[in-house]
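If you want the building blocks of each chain, they are given just below.
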Amino acid sequence: MELNAPEIKRIIKDCSLYLCQECGKCSASCPRFLSGREYSPRLLAQKLISQPGDRAYIETAIWECLSCGRCEERCPSNVQFTRFIREMRAILAADQGLMGHQAHDGALHSWMRIMTAPELRQDRLDWLTPDLKTDATSEVAFFSGCAPYFDVFFAGLRVDTLRTARDSIRLLNFLEITPQVLANERCCGHDLLWSGDVENFAALARLNHQEFRDRGVKEIVTACPECFQALGAHLSRVAPGSDLKVTFLLDLVEREVKKGGVSFRPFPRRVTYQDPCRLGRMSGRYQGPRDLMALIPGLDLQEMANHRQGSICCGNSAFLGCDAYSKRVQVERLQQARETGAELIVTACPKCLIHTTCALRDPVRGEPWNLEPVGLVSLLAEHIQWSPGETPLRD
Amino acid sequence: MSRTARQNGDAPEAVLVVGSGYGALKAAEDLSHGGIPVVWAARARHFLELPPGVESFPEWPADLSFQFRPLYLRVTRHPLVTPLTQARVESLVQANGGCEAELVQDPVYVDYDLCTGCGRCQEVCPLNDSDHPPLSRSPAYCPSRSLLMDKRTTSPCRQACPLGVNAQAYLALTAAGRYAEALGVIRRDNPLPGVCGYICSHPCESACRRAELDEPLAIRDIKRFLFDYEAEEGPAALPSPATPRRGLRVAVVGSGPAGLAAAHFLNQDGFDVTIFEALDQAGGMLRVGINAFRLPRPVLEAELAALVASGVALRTGQRVDSAQALLDQGFAAVLIASGTPTDLRLNLPGEDLAGVEHCVDFLARMNLGGAVAVGPRTLIIGGGNSAMDAARSALRLGAKQVTVLAIETEDHLPAAPQEVTEAREEGVVFRLGCAPIRIVGQERVEEVIFRAAHWEFPADAPPRIVFDADAEESLEADSVIVAISQRPNLADSPLGAELDLGRGGRLNVDPDQATSRERVFGAGDVVSGPSTVVQAMAAGRRAAAAIAARLADGTPWRDLAQAPRGVGQPEPIAEELPQQPRQRMAQRQPRLRKRDFAPVDLGLTTSQALEEARRCLQCATCCECLACEEACGPVAAIDHQRVGQRLTIAAPAVIWAEAGPPPLAKGPEPANLFRVDPAGYSADLMDVLMNASAAAGQAMARAAHLRAPAKPRPPAPALADDGRLGVFLCACNGSLAPEGVLERIRDLAGALPGVARSQIIFSACNPAGAEAIAEAVAEQRLSRVILASCVCCPLNFQCISCNDQRTRVRLHLFERLGLDRGRFEMINLRDHLQAQTHGEEEIVAWARSQLGAAWLRSRHLGALRRGATEMGKRVLILGGSQVGVSAARSLALQGLEVRLVHRAWPSGGELPGAIAQRALEGGLDPRIMVVEAAEIGGISGHLGDFAVRAKLDGRWRTWKTDVVCLTDDNLIELAMYAGATGLKKFYRYDFSFFNTPQIGVYRVMPVTLKRVDPYQAGAALAGEVATTAAKAYLQDHQLSPQVDPERCRGCGRCVEICPFEAVRLEENPAGGYTAVVQRHNCVGCGGCVGRCPVTALDVPYFSNQVLEEMAAARLTSEAC
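Chains F and Y are the protein sequences, given in the same order. Using this note's numbering, you'd call the opening residue of the first sequence number 1 and step up by one each time. Using this note's numbering, you'd call the opening residue of the second sequence number 10001 and step up by one each time.
If you're looking for bench data, these hints aren't it; they were derived computationally from the structure. Just to be clear, a hint being listed does not mean it is correct.
Sample of chain Y residues at the chain F side, in silico, Cβ under 10 Å [what the hints assert, rightly or not]:
1. Leu10664
2. Lys10666
3. Glu10669
4. Arg11049
5. Tyr11073
6. Val11076
7. Ser11103
8. Val11106
9. Met11110
Note that CB positions come from ideal geometry on N, CA and C, so glycine has one too.
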């Protein structure tokens, strides 16, 4: 496909690229650019509009973006840059096959594609411990996402994403919610969506939609901002007729906690908080997690130099383009974290947890960061309690 | 093992390592790895086999450890190592500052360098199922599994045969039911198997070892069986004679056994031979002297016909009166083999009476169809075989009473006992111990007068008759046949006048069978006097050899009868072997047989022949039937003619790792002899290895001058990459696939796109096979090759999975012939080509799929890395204990630049323990730079480029060095650079004692000093250091990965996984880290590539792109 094809013109228009004023704030805020990579969102936009013949530049640059949305946050013209990247990738991938530099030799993407097989049988539930209450007839389902898979793949990193999953159910149980956990759910497809594989994203979405329907699920609770985004914002586009309610777990906890009666055991540690891009800039949830942390007595939240809207990416998204520059982004981010004097770096996204852990645990010449990554869900689950004399009461 | 290909030149200069076992292996490894040529001699047939007489070493593992296989391969195939098995050191003499060693190596009949281990030889060996199969595979720990041959001293039967006929082999083949081959074996040495099968005097049977147990083998009868068996099938045929012909004519005078044999062998050798026979019928004594009931006429006729059919011209009725005339007619040589046709006379009164005949006259007339008659009472004078023939003929001619009168007693009768027995059975009467004194009669003979007598054999005079009694006795006779031997007739003919004759009219010849006349030779009874058929034939054969040598410029004559060969004595006769008498031929009853001239013996039946042949003890183990040589074919590993060799080694040092003492002259032991005494250690294997290492280190210092200067590998030859593809299929000498299947696969491959040549190679691991591939590559200008053979991986890393064939493919193709490994895709079809497990269609389908994948792969073949890192010669030794000083001295002797820090300690670490100041006393080589004391801040860098921070005299400085040695305990922590993940397991199987995680940094562990003394430890350390420091270049591994610095996250997971410290993190300009591959440390395993989370590393040849494309092609069924 030519890069001046009508379809691409439509994307440029829909994503407001024509509004670009070439002010350069995007490049100046882009973590990749700041880490030394010769990549500029502004130049990419310009090339596509005025020099669509420079395919080499454009087709390379499209895959450089972390889709963290920091440029978009700053853009005075409201160019929808992340959406632009997502749609362009779909176009390019449909035309030329999947591109971009996939981390882990594309193994994770392959897993996601494998999950599009309708006849697939999965063993998804063996992480459920006896203390976790589930109910196969419940209309509320907890969506564990890729956690069972990640824990296998990243065993060497000692990543424990299932801890988040278990703690999520603990929180729900604490709040008197007994969800069902689906034995045959599929990946939410977020990473495929963002690496241009729209077809397989749609296949996953449809399978999930079918599964939810078959199992009588009305509401999905997820602890993952990416699942939250993919199921909440994108599933209905490819699975017509979906009236699924998608709830982000922390939203639910926040809502319930604010009803009163709940308190937290003290946790006198200094922490800092990594805003996940899918939760913060894409879903607008900056304050909620901070409010929850503020409820834990003794917990001392120190913000990094870049936080909230200005937060810096954990280094990678959709397992694409991980490289020397990603590492620099991460190192810079970890340095910011260390400068806060925090012992823990809290995040609300399993991917942030994985990528941060990866950067923290270089086996050779790793810096002594003295930082431990922890999921916010776990932090809450481990400290939540009913205030003395209070009993749980749901409305 | 023989190194025919590797040895050229005499008295090679090399360190001599003597002994079997791990000590010798380790010493040879250290030396060759350190660039020193080694001759490794072991008495056993294998280097890890215990030497003869040594049952075990107490500290050896019960099973030979497979962990040693890579080491074994590396050493035995190292270009600097000359391995000699079955070799003994005869003497060790101090000379020229070293030792001169005399070695004797037994003949090695299967060349280890050539044998592919295909096993075809075993398949065809007639003795493979016997209790002592001659061919066996090397022990399992020997990675070649090449064949070994057990060939003992030539068997006594064969040695006893004047013709050297290989009785053992034809017995073995007969026992296996392979009659035609058995007869072929006989015909190699004997053109008259039928004649000999019937009437040979069989000296072989007299020599037969089976007689020690029960009775000798019926060898002659088996020979007869084989001939008769063939005769039933069709006419006898001799081997095709040599072509082209030499264009030289040779005349043979006489068609007796000597003449026939000479004519045959000359004809086989390319001469045009004409036999001249005075009588009307050919055969000489075979016809006139031997009766039809012993040698049936059809047998003789068949043999003569075969000889004529093979090209020998036979002219009967042609008396030769002049040898010169024949020469003048254009014959290049004349052989007189006219035998002894004239009877000796008694020279007694009455000998000319009517009725008195002489044996040959009598037999000749009878056998040539003349009129003969004997009276009712016939007396035979003489006790030889001819006398028996005469006696038995007389019976058949109608005599009522036949008496043999002989001077010998029963035990000493010249006639074969069987002849005597059979004659008696038929009614012949013997008067023995009597000599006739006159024959009496009026006109005709009436009686013979005789006296008791015996032979006397004076030392200085001819034998003479001594009479024992004066009493005369007499026997009445109507006929008398005098059979007291014969003489040549040359004295009576003009031919004799041309030649120098000796006693009894015999022809005088020199040791080369030459007569007094140029180009005239003599052989057989005419030279020797009456002998046996086989002796006469042997003489004819010798004469043929002499004539060939004389006429054809000394063409070597392959005479198997000469010089027994083989190694060792026969197996003792097993106690459990039951006694079993020999098989006897059925005979016609005497009453019947004496009525006619039909054969007496009826021959062995097939089952008898089999039964009898199986009695053979197979004394020499290998019977030399040569079936294996033929099966070995173009591989040419087997050669039964090999002889042992004697060689002299000029050894600057000798390592004696043998159980027994070295063969030294009296006096002080040479200073250059280092002992690794396997019996002397009681602890463990590591003790032996450590001591061997110490010996090697000491030897290396004395042999450093033999170290060849290292050169970097030349760049890969530039090849036009036009995609011309060749496919070569190794047939493993025909052992790989069922008949015709490989041809089908070849044609399949030939039809693949771009294939310019598809060819079957008899063996890819054989030098000639590899050369055939190289020739085809050059001739067809191939730029890519698919080779289906034993797969040599481009890792060049002899691991536990490697074997000798794989190694040889690599060495021949890529090292010796210089082909570019990067352009080869090697596939293994072997396990699916076996007919036993797969049907033909299945095999072909599998091969098709394998070839398809290889074809896909071949599109991506390309260059491997060929760089090298230059090495300096700087060695820094930290720690001046005796170990350090010893190492410093040894390294300085080897020409390295040594800096020795006498007292060194790490910053913040412990000071060195008490150092014996003595260590420095006595002075050090002035080339060694000595630093008295220094604090060491740390070691950075890598092999060939270390930087060591040292504080001396209160100031920090940096020393640059190629290698670092830590010889004191307090320094060991320095071996671990910052961030190292700990001591890793080493996978090189080199049993190195001084390596640290940081290649190029060596350390001495306290346990080492429990195994050897500090001086030896220092020498061993120096030996190991020299393996790297003495190299001018460190070769990059051809599969070492490259790092994409843009992608590399500097996480260090590659560093973590690499067991060889081949990946390091280096700081990059952005303040992070980037992985850097130390290519000379890399072994190309690809572990780092797989571990990298972001694919920042990639290797040549097995690149990620290749793997992806192949996987994609397979998944989309693009493969053919």
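Okay, the hints, checked on the actual structure:
1. Leu10664: violated (55 Å)
2. Lys10666: violated (62 Å)
3. Glu10669: With a minimum Cβ separation of about 52 Å from chain F (threshold 10 Å), the hint on Glu10669/Y is violated.
4. Arg11049: holds (4 Å)
5. Tyr11073: holds (6 Å)
6. Val11076: violated (12 Å)
7. Ser11103: For Ser11103/Y, the interface hint is violated, since the closest Cβ of chain F sits about 12 Å away, which is over 10 Å.
8. Val11106: Violated, because the Cβ-Cβ distance from Val11106/Y to chain F comes to roughly 13 Å (cut-off 10 Å).
9. Met11110: violated (14 Å)
Of the numbered hints listed earlier, those contradicted by the structure are 1, 2, 3, 6, 7, 8 and 9.
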